[in-house]
Amino acid sequence: MSEQLWQRILGELEQLVLIDPHTHINPHAAASTTLADILGYHYYTELAHASGMDRERIEQDGLEPKERVGRLVEQLGHIDNTVQYSWLLEMCREFFDFEDDAITVDNWESLYDDSAARMADSNWEDQVLSQSGLEQVYLTNDFDDPLTGFDTARYVPCLRTDDLVFHLASASTRERLSAASGVEVVDAGSIVSALGRLFDHFRAHGARACAISLPPDFEPQPVSQASFEPVLQSILTGRELNQDESRTASAFMFWQLTQLCADQRLPFDLMIGVNRKVYPQGVYQGQDLFDQRTSLIQFRHLFNAFPQVTFPVSVLAQTSNQELVSYSWIFPNVVTNGHWWYSNVPAYIELDCRSRLQAVPKTKQIGYYSDMYKLEFALPKFRMYRRILAGVLTHDFVLGACWSERRAIELGELVLRGNVERIFGTS
Amino acid sequence: MSEQLWQRILGELEQLVLIDPHTHINPHAAASTTLADILGYHYYTELAHASGMDRERIEQDGLEPKERVGRLVEQLGHIDNTVQYSWLLEMCREFFDFEDDAITVDNWESLYDDSAARMADSNWEDQVLSQSGLEQVYLTNDFDDPLTGFDTARYVPCLRTDDLVFHLASASTRERLSAASGVEVVDAGSIVSALGRLFDHFRAHGARACAISLPPDFEPQPVSQASFEPVLQSILTGRELNQDESRTASAFMFWQLTQLCADQRLPFDLMIGVNRKVYPQGVYQGQDLFDQRTSLIQFRHLFNAFPQVTFPVSVLAQTSNQELVSYSWIFPNVVTNGHWWYSNVPAYIELDCRSRLQAVPKTKQIGYYSDMYKLEFALPKFRMYRRILAGVLTHDFVLGACWSERRAIELGELVLRGNVERIFGTS
Amino acid sequence: MSEQLWQRILGELEQLVLIDPHTHINPHAAASTTLADILGYHYYTELAHASGMDRERIEQDGLEPKERVGRLVEQLGHIDNTVQYSWLLEMCREFFDFEDDAITVDNWESLYDDSAARMADSNWEDQVLSQSGLEQVYLTNDFDDPLTGFDTARYVPCLRTDDLVFHLASASTRERLSAASGVEVVDAGSIVSALGRLFDHFRAHGARACAISLPPDFEPQPVSQASFEPVLQSILTGRELNQDESRTASAFMFWQLTQLCADQRLPFDLMIGVNRKVYPQGVYQGQDLFDQRTSLIQFRHLFNAFPQVTFPVSVLAQTSNQELVSYSWIFPNVVTNGHWWYSNVPAYIELDCRSRLQAVPKTKQIGYYSDMYKLEFALPKFRMYRRILAGVLTHDFVLGACWSERRAIELGELVLRGNVERIFGTS
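Residue numbers (this note's numbering), protein chains in the order written: chain A, 266 to 692; chain B, 266 to 692; chain C, 266 to 692.
Hint data in this document are derived by calculation from the structure and do not stem from the laboratory.
Treat each hint with caution, since some may be false.
Stated by the list, open to error - Selected chain B positions facing chain C (Cβ under 10 Å, derived; list incomplete):
1) Glu494
2) Trp594
3) Ala624
Beta carbons are placed, not taken as given, at the ideal position from N, Cα and C, and that holds for glycine.
Put together the whole structure using the sequences plus the hints.
Structural data, given as structure tokens:
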């Protein structure tokens, strides 16, 4: 009975057409062209490497896509237990009519060729979106992205700000900032002006959010222009900053960006907890990890100082989820956002989804985003989430709290879609 | 089958008459007089605020109770997924025969009036206690509470010591201490005498525990009277203390209180992990949060120094539960105590309840307390816990470990009631 | 249906003959001779003590085994809810045909006598191994163990290195090192030579791993011989080291041992997170606890510096499990290893097992080890794990991901046995 109930609820949730509020899609090449685009996703290359394949073998220069796929397939037998592999299999089944139990050295080549043929369809991108039930995809754009040449109603710009906050000391960041804004960076005031121009540009192209990923020890603090000025001047002379100065620069830039989010009424997606390049010899994008010793208490000044800015917060460490639940339960401007990266594992999603639905106002929860680099991933990732969500709705709400099926489904729809529309202001 | 088994076990646990070992009940006004007393609980005001209602609208001066309820009801549609809301609905159904699916702008007024009429019964307080299966309620008394004018056999005094430990530098705390103890606070020795008088007073009125809530970075340490004396003298001259001095004062006071618990054979309830006023613009009692980076290792000196004092420990961060399990498994004087505040969410209670029942001696577990401000809350909160407890007994013990139903029920009764009696010495 | 499926999968897993990759077995007295050997396990003495029995009563000098058991049995009624007690009952049922529901003051004596008679069988050790389905047991040998007088094909030596890393300042450690290696410890170079001899000795006797337990704040760092030399000279003059010097000594020794693991191709078992003697008045081996505030980020330099060394990692804090999953998913040389001590509780094993099977390459997971001191414990401990593992395979893989039963069973066999063989190189 509970199995059938779950199936019915899942069926309803599967009908819902979605907005994906955080991805790394390149709108000029949104869908895959070969299986190499799919298997090249860092989730597969890093698992292949971690399970024993040399990085050089995976990332060899000049490797043809088909050869790369052939090599990675050799390693799949080591990782076919993982949920990441289950996404791969599901994509092949749903999009390419793959029917075998596993992708192996014996069957991959025909799969490769069949799928390449399908992806060569002129409207492949539309097919994927349609089959995935996806009508809008949020991007993560570099701050100097011209934002032209694509349909911003379908692919919604979002301003990624990591470089501005953490790499201002790099000449290339400053040059890009000057070029993008038309403001020469000579002092703190010119930085503020330049940032304002970026926001104007993004706003003019329909941007719906500002976004940043932050290391576990980041603690936002207000920094006056006067305190930042000498640090900036040191940067401009090319002197290497000490740790305190780097923190001052990052804190200043971050606070300015938040002020612009306030001024321009943009939500600020905070993705909290990643340490970059912990394993520098790892594959591309497979080098980052985390330190669970972090707390949202580090953001108390920020949350208090900007009540008018909505902060959709993602946490990398699963141990941070209860803090996220609690801060969202107290602060009007803190919203739970998806299940990020190392927390995007069913055992953790389930626990986190349950605790959020049990204790955070339902209008403050963005259920899921795919974080995808290629469109094909939305289908299996959202399906994974929908299955878990349907399970929580079944057990905690219909069976556990005597809710009607209809009401449970509406709660699911709200966290899957309704809140995305309202929080990011697309409706 | 397992559903029916669960129902039977739950049915037995529901029969049990309880002692609630930690509440914030005012014994002079224990039950509610209108729905405003219930909806005024910070769990509702903070969720209403966090989901979008202005604090001013909730806490406006001079607001009539009925108007306040009307306003809060407007916001309930945002939080009707939460377990907190489910308590509200359950109270209305159980106590006021409310039969609708939800409390809305259309039906709240008659609910308000009906419930007010019921609460006006002269024996409403007795009705609530009887219907809730509650025979004794522990209080959290200010240290200068006269403890008179109520039945201390029903409402058991407990000495709350936060002000003494953390606000001794405030003149009003010292004045209250002098007034309550009859000892003028002039030096460390007089503080020690005054504290002794407080304990005598509480003991004479049947107090069963001393209690305190502690911030995540608190680390108890012995402080000699000689080291404390200059700090106290600074306080008495009105000089502001630096952080080290504040810590010395808090540590001294805390250690003295523990010594008195030892001398007077009182358990010391430690409620570990709350940061006060993280969101100072929040509603009343909706401003506190936490930092998960805390450890029971901070209490090693305390637990070793006072083997004769029982410490019922509550942890605010769910991530602290495994430490609590482990410290209770090793230290004879550490006891697990309930599921506190931000950990009082079914998804977390279930995990914490399971791990405790699997690894902590059964005689060292206080299953639950309501933490309530008004009597009506005991029923839904304890029922939530009993449902979870019955589930764990069903799955982990009867089905998983082949226990008889009877034996599982007895384990449930022990953590729900038997241990409360033995640990706090009321039987 | 899922119940029957689980039973079938469990039945298959129960057939598997195992290698236990981490124990504290004394190969010269591997099996128990009386029930006192079993009830003397610190899991029982510490729970008995924590639930109210005086240490002196448990550890009284000259106590006869039978009297000790009689005393501990008095306390079992306080801890019969625990999973540790369930192991005891299961051992008595499986090995000694005990049929009562509980071990009590009324029935223990006949159980004691019956079991003593059984254990007196000349081939008791073989019987236990055979009945437990165990063919190889890894040891934890002191660095100066002669490794003679036992069958190293059955009892596999592993080099425990805690003393070398953390107690080099103790004269007895250095004397033991000199005696075992035949190298007089006079300078850093002689230490390096001596360590090399130890490894040669262990390797010659079939050692399969090096192992160490580490406190939560330990952070491996390379230390040059030149930096270590003055610290060693201070040690040799008998001067007490300050904290920095102690850290230098520990870091140097640890790094040297890891280098030897690299040179001699031995995996290095890291058991991360224990604080020793937190409760010094506790029973023997019942004094250690932990601080959950630890992170695998502390091991970044180590994992990067030694890509050729496999590190099977155990974490004491359950909150560290997600880091372990993530680090194993990224670093080729990090492998998940069992469920250690305070994390060896079903509620935690289940969550940890699920997340590992969902996100770590299947070839990088060592499912379980018993950590036992006496052979009889392998049966109930591994059975506990097999039950949980069968549950995860049933729900997450067969039912949740449509795997065939056969494939799910093979995954179970891999983490239970296949990976142990491959990772430690015994096959």
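Results of checking the hints against the structure:
{"no.": "1", "hint": "Glu494", "verdict": "31 Å, violated"}
{"no.": "2", "hint": "Trp594", "verdict": "6 Å, holds"}
{"no.": "3", "hint": "Ala624", "verdict": "5 Å, holds"}
Hint compliance for this structure: hint 1 is the single one not met.
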